[in-house]
Structure formats: C-alpha cells, structure tokens
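A.B. asks: One letter stands for each residue in the lines below.
2 protein chains.
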Amino acid sequence: MAFFKILKKDTKSSARAGVITTKSGIVKTPVFMPVGTKATVKAITNEQLYEEGCEIILGNLYHLYLQPGIDVIEKAGGLHKFMNWKRSILTDSGGFQVFSLSRIRKITDSGVEFKSIIDGSSHFFSPGNVIKMQYRIGSDIIMVLDECIPFNEDYNYTLDAAKRTMEWAEISIKTKNKINPGGDLKVFGIVQGGFIKSLRKFCAQSVSQMDFDGVAIGGLSVGEKKEQTIEILNYTAGFLDNKKPLYFMGLGDPAGVIEAIENGVDMFDCAMPTRISRNGSAFTAEGRVNIKNKKYTYDYTPLDETCNCYTCKNYSRSYLRHLFKSNEILSSILLTIHNLHFIFNLINQSRDSILSGNFIDFKTKFLKNYIKNED
Amino acid sequence: MAFFKILKKDTKSSARAGVITTKSGIVKTPVFMPVGTKATVKAITNEQLYEEGCEIILGNLYHLYLQPGIDVIEKAGGLHKFMNWKRSILTDSGGFQVFSLSRIRKITDSGVEFKSIIDGSSHFFSPGNVIKMQYRIGSDIIMVLDECIPFNEDYNYTLDAAKRTMEWAEISIKTKNKINPGGDLKVFGIVQGGFIKSLRKFCAQSVSQMDFDGVAIGGLSVGEKKEQTIEILNYTAGFLDNKKPLYFMGLGDPAGVIEAIENGVDMFDCAMPTRISRNGSAFTAEGRVNIKNKKYTYDYTPLDETCNCYTCKNYSRSYLRHLFKSNEILSSILLTIHNLHFIFNLINQSRDSILSGNFIDFKTKFLKNYIKNED
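Those protein sequence lines, which keep their order, are chains A and B. Mapping of the first sequence onto the working numbering: position 117 corresponds to residue 117, and the numbering continues sequentially without gaps. Mapping of the second sequence onto the working numbering: position 364 corresponds to residue 364, and the numbering continues sequentially without gaps.
A pair counts as met if it fits within one copy or between any two copies, since identical chains are not told apart.
Here are the simulated SDA-like cross-link-like pairs (lysine to any residue), alpha carbons at most 25 Å apart as the crow flies:
hint, residue 1, residue 2
1, K23, N314
2, K75, T306
3, K132, A2
4, K295, V72
5, K201, D160
6, K294, Q67
Simulated from the structure, these hints should not be mistaken for lab results. Every value quoted in this text rests on a predicted model; they were computed, and no experiment measured them.
Starting from the given sequences, assemble the full structure and let the hints guide the process.
C.D. replies: Here it is in structure tokens:
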C-alpha cells in the first residue's frame with residue numbers, strides 16, 4: 001500500500017485531502033498530531049484521544065532518551081506498548097529540544113554534544129544515532145536530526161546550519177537504508193534555512209533529491225509575523241515534491257492551521273492547544289476564551305454552543321472557571337478534551353470541504369467568525 | 001422507602017450490609033465516599049467514578065462556600081447540576097476545615113467567626129446557616145456543624161467543645177424541621193468528645209436522643225494509635241442507635257476500613273486514597289507500593305496482578321514510574337483510578353462476605369496479605 005495517497009486536490013488553493021498508511025494504521029490528512037512528548041499527551045487518556053478521533057500522536061526522542069531512557073522503552077516492546085497507544089506515532093529527533101533546552105557543549109559535523117536538563121550529564125546526538133534510537137522504540141514516522149537556530153540569525157550562521165542539516169540528512173538516509181533495507185521504516189527530511197529565501201530553496205531542493213518518505217518544514221513559528229510564516233512556507237513548498245506529505249512543525253493555532261492547509265500542508269503538531277488548556281484558555285468558534293474571566297462566574301452555558309465535545313455537552317463556563325480557580329486537575333482534563341476536539345473538528349471540516357470542493361468558502365467563513373471576537 | 005435498611009448482620013462481629021436510599025439514588029453500605037471537596041474528586045472524571053461503581057461522593061461546604069460561593073452553585077441548580085454528578089452527595093459542614101485551616105477569630109455558642117484562607121475576609125458559620133446552605137445546594141446528606149478540637153486536648157477544653165457541639169446539634173435539628181418540615185432532607189449528627197470516654201458517652205447519648213437520620217463519629221484518625229481509634233469507636237458505638245447508619249469521618253486506609261466495618265461502621269470518607277495517588281503511592285493486595293522506587297524501572301507487570309481496574313489492565317509499573325518521575329498529570333489520573341478501585345473493591349468484597357456469612361474469614365485473609373509486605 002502507498003505510504004501517502006492524495007485523494008483530492010483543491011482547485012482554488014494548494015489544499016489537499018489524503019491518507020497516510022503506517023504500520024500502525026490509517027491517518028487521514030490534513031492531520032493535527034497532539035504532542036505526547038514524554039509518552040503521554042498531557043492531561044488526557046488514550047481512550048479520550050481515540051474518542052476524539054485522534055489517529056496519530058507525536059513523541060519526542062530528546063525527552064524519552066533522558067527519561068525513562070531508550071532501553072526501558074525498547075524492553076517494554078517499543079513506545080506503543082510502553083504507553084499502550086494503539087495507533088500511529090511520529091517521533092521528533094529532538095533536534096529542536098537539544099538546541100532550545102540544553103546547554104550545548106559542542107556542535108560538529110558529526111553531531112551535537114549536550115547536557116541533560118535533568119541531571120547535567122553529557123550526551124551525544126548524531127544524525128545516525130537518532131535514527132537508530134527512534135527505530136529501536138518502534139516509531140511509525142521518524143524525523144531526522146536538524147540544527148535549529150534562533151529567530152533571525154544572520155546569513156552566515158544560517159548557511160552553516162543549513163549546510164550541516166543537509167549533510168545530516170544524507171547520513172540519515174544512509175542509516176535508514178542500513179538498518180531497515182527495503183523495510184517499512186518511514187523517515188522525513190526537514191527543511192531549515194531560517195528566513196532567508198535562497199537558503200530555504202537550497203534546503204528544499206536538497207531534501208527533494210533525497211529518498212525521504214515525507215518532508216517537514218522546520219524553523220517557522222519561532223516569533224515571526226504570520227505573513228512571514230505563510231510567505232516562507234509558500235515559497236519553500238514550491239521547491240518540494242508535492243507527492244510527499246508536507247509537515248509543518250510546531251503549528252497549532254486554528255487560524256494558522258487553516259491557512260497552512262490552504263498552502264498545501266498535510267501534517268501539524270504543536271504543544272500549544274494542550275498547553276493553553278492547562279492555563280485556562282479555550283478555542284471557540286468565536287475566538288479564544290479565557291476561562292479565568294470574572295464574567296463567566298454565573299455563565300451556565302458551555303464553552304462553545306456549537307461544540308459536541310464531552311466538556312461542552314456536560315459542563316458550564318461557570319463550573320470550568322471554578323475548577324481553574326481552584327487549581328483542580330479536572331480543569332486541565334476538560335479543557336484539553338475541548339481544545340483538541342476543536343482542532344480535530346476544524347481539520348475534519350477542512351478535509352470534508354476539500355473533498356466536496358468548497359474549502360475556500362469554509363476557510364473564509366471560519367476565519368471571519370474566529371478572528372472577530374478574541375477574548 | 002426507608003432511608004436506611006439493614007440487609008444482614010454478621011453473627012461474629014458488628015459488621016452489617018445495608019442500603020441507603022437518598023433522593024439521588026441507592027447507596028449500598030458499607031460505602032467509601034471519595035472526597036470531592038471542591039465539586040470534583042481530584043484527578044478523575046465522573047464517568048470514571050461511575051465505572052468504578054461509585055454511588056456517593058463527599059463535598060465540603062467550607063471550600064464551596066469560599067469558592068465558587070453558595071450563590072453560584074444554587075443558581076446552577078444545585079451542586080449535582082453544577083458538577084454534573086448524577087448520584088448521591090454527602091456534604092460536610094466544614095466544621096473540620098474551619099477549625100483546621102482558617103485563622104479563627106471567635107468561637108461563641110452561636111457559631112464561629114473565621115478568616116478565609118483565600119483572601120483573609122471574615123465569615124461566620126452557625127449551626128443554623130450551615131444547614132441552610134447545604135440545603136440550598138441540594139446535598140443529599142447534610143452534616144451538622146461541630147467543633148473539632150486538636151488531638152489530646154485536656155478534659156475541660158474537650159468538655160466545653162463537646163457541650164457546644166451538642167447544643168449546635170439541637171439547633172441543627174430545629175433548623176431542619178423549619179426549612180424542610182416532613183421533607184426528604186437528611187441530616188447526620190456528629191459525636192465528638194476527643195479521647196475521653198465519659199465525653200464520648202455523653203455525646204453519643206445526646207445525639208441518639210435527637211431526630212437525626214444517621215450518626216457520624218468525628219475527631220478520630222487525628223494522630224492517635226490504631227488500637228485507640230478502635231477502642232473509642234467501639235465504646236462510642238455502644239451508646240448509639242444501631243438502626244441508623246454509622247459514619248466514620250476521615251478514615252480511608254484499607255486496614256482501618258476493614259476493622260471499622262467489623263465494628264459496625266457503614267460509611268467512610270477520606271482524602272488519603274486520592275491524595276496518595278498524586279504522590280505516587282498505590283494500594284495493592286500485598287501492601288502499599290511506592291511507584292517512585294527504582295526497582296520498578298524495568299518492571300512491566302501491573303501495579304497489582306489481581307486487580308481489574310483500567311490502570312492495571314493497561315499500564316505497567318515501569319510506565320507509571322516514568323509518568324510520575326516526569327510529573328505528568330496522567331500519573332495522578334491512573335493512580336487515582338487504581339486506588340479508588342482498590343478501596344471500592346475491598347468494601348464490595350467485605351459486603352459480599354457479610355451477606356454470605358464469612359466476613360471475619362475474609363477480613364483475616366485480607367489483612368494477613370496486606371500487612372506482610374509494605375513497600
């Protein structure tokens with residue numbers, strides 16, 4: 001079976017609806033992947049995720065490597081068994097975390113030496129060993145190691161990092177072919193290049209020439225304006241093989257997601273929808289709601305009248321406000337269920353509208369409602 | 001329908017199996033009531049509680065009064081609707097919390113003035129207004145206001161508090177008859193008297209002469225030795241009307257619960273089983289397990305091989321240890337489900353053994369296993 005099949009392309013935009021088939025099951029695209037960094041999506045059970053129609057989650061090698069350790073997961077029979085997740089898992093190499101969380105000791109062409117955020121011990125990630133470790137824990141889709149640079153670095157720094165990331169990409173492919181020749185291991189390349197178009201082009205063309213199963217765009221959503229995100233995304237996508245799935249790393253706000261779908265993105269992940277849930281914030285069809293707000297004290301309506309999630313069917317804003325103010329875990333649980341439902345529903349509706357040929361209408365209507373009324 | 005019906009009395013002990021019928025449903029006794037202080041049992045959803053067979057939970061007037069406020073709950077249509085709980089709720093008057101959490105301004109015969117732990121504001125609880133407030137939020141079983149004294153107070157202090165608590169009990173009954181004459185409002189009296197037998201007797205006899213629907217024993221499990229708990233419990237129970245349900249306030253450890261059942265107790269509550277869940281501790285048939293322990297790193301067996309709960313059917317000690325060490329909310333969720341299941345299961349088995357006439361055998365076997373192997 002083909003790894004990625006495009007079912008329908010929108011005629012008025014680059015949006016498309018498809019299906020990815022991994023060794024663990026079917027993933028309808030476009031798809032949002034909730035972040036399960038440490039072998040759990042925060043504040044929600046697997047069953048609650050299944051109920052919301054979640055077909056794939058994201059794990060993170062950096063965190064899993066440090067705690068509980070690859071060995072513990074491998075001996076459990078892999079990440080799926082360890083966390084009892086029966087659908088697909090994409091794992092990130094942890095490149096982003098190495099460069100954003102750890103004190104880095106040394107970056108060389110062969111990899112990066114870093115200190116653990118847990119106990120300060122020294123570790124080494126190479127393009128080869130991150131592929132091997134993700135393979136050992138049984139990930140369905142594996143990301144290469146990339147060098148993630150801070151926002152708005154200069155040309156030379158960005159060029160060096162982009163070149164190194166492309167060299168690492170070559171090593172990743174070789175490693176894949178060595179450990180799983182002709183097998184079902186799926187590896188995605190990552191395009192870097194900061195906000196410099198020539199370097200985005202260089203990376204996109206390089207990655208396109210390599211035998212990856214999908215392509216990710218990294219290094220966006222790092223502090224730039226939304227127009228800049230879309231511009232770089234759109235520009236970069238023009239140099240990519242559009243028969244492969246396109247994954248935008250680190251995007252999860254409703255407006256951004258729908259615009260990225262318009263520009264041909266098939267996959268998303270972001271910690272934001274689950275993180276804001278723990279901070280008392282909720283998506284609604286009419287914009288974000290901050291449940292802490294005093295005006296909800298006597299508001300016995302659901303978060304979103306149009307929403308069919310467990311939270312909206314059973315609980316009021318008044319109750320959710322009380323839970324949040326009382327520091328109750330149930331607050332995080334109920335808002336996480338709602339916010340993930342909201343994103344899943346938005347993407348399902350986008351997909352349906354692509355299939356039925358009216359995506360742009362749907363998008364326009366959604367954005368008009370969503371943006372007018374931020375809390 | 002009778003509020004409390006005893007179905008079977010054990011011939012070798014004071015244990016009994018019965019049924020309480022409230023306006024919200026049936027409660028089989030003996031029963032453990034999980035603590036839902038602030039309109040939620042911590043780290044578990046209502047559906048997960050229903051699934052574990054939970055028929056009654058406990059709310060706390062002190063906390064609900066301070067946040068979100070009685071008015072907010074009343075306007076929601078009562079506590080059941082506010083938190084979407086469809087079974088029975090017993091509310092505590094908050095006497096214990098007033099005396100243990102708040103800075104008390106003044107105790108008089110008419111009530112107690114205290115400062116809010118949230119914002120320092122002044123409030124007044126009287127035996128009458130706590131009954132009225134619990135009635136307003138639609139509680140199924142209401143507790144009177146009692147004066148809770150620290151462990152091992154002297155005779156005079158204990159006597160004063162006991163006398164005041166009995167005067168308050170009289171006012172509570174009068175209030176009940178005034179606001180709900182001949183209605184379905186159920187109110188329990190509370191026996192205090194510290195560790196002084198003559199005062200326990202005084203309270204027990206006084207409460208027995210009043211028209212309460214059930215009787216609670218308060219002021220135990222406050223730091224004394226277990227033999228002392230059982231001695232006072234047993235002594236006190238001798239002066240009570242044993243046709244009414246007997247409620248031991250603040251007991252939830254498995255060994256204590258089964259011994260209290262032996263001594264005629266029908267109802268229990270305690271924050272401990274849910275609190276230890278958030279601290280990484282779990283009941284098992286062979287004693288407590290501390291999931292933090294390094295020896296569970298590669299332990300892929302469930303918490304308790306004999307347990308049928310969701311957690312034990314799906315997750316290993318290795319995974320639970322990882323979640324706890326990673327500070328994940330799912331750790332609290334999964335341990336809460338397990339620990340409540342454990343207590344419910346213990347009480348269900350106790351009840352079955354009372355009905356089938358072999359409670360003492362069951363108790364002896366359980367304790368032998370449970371106590372031999374503490375972690």
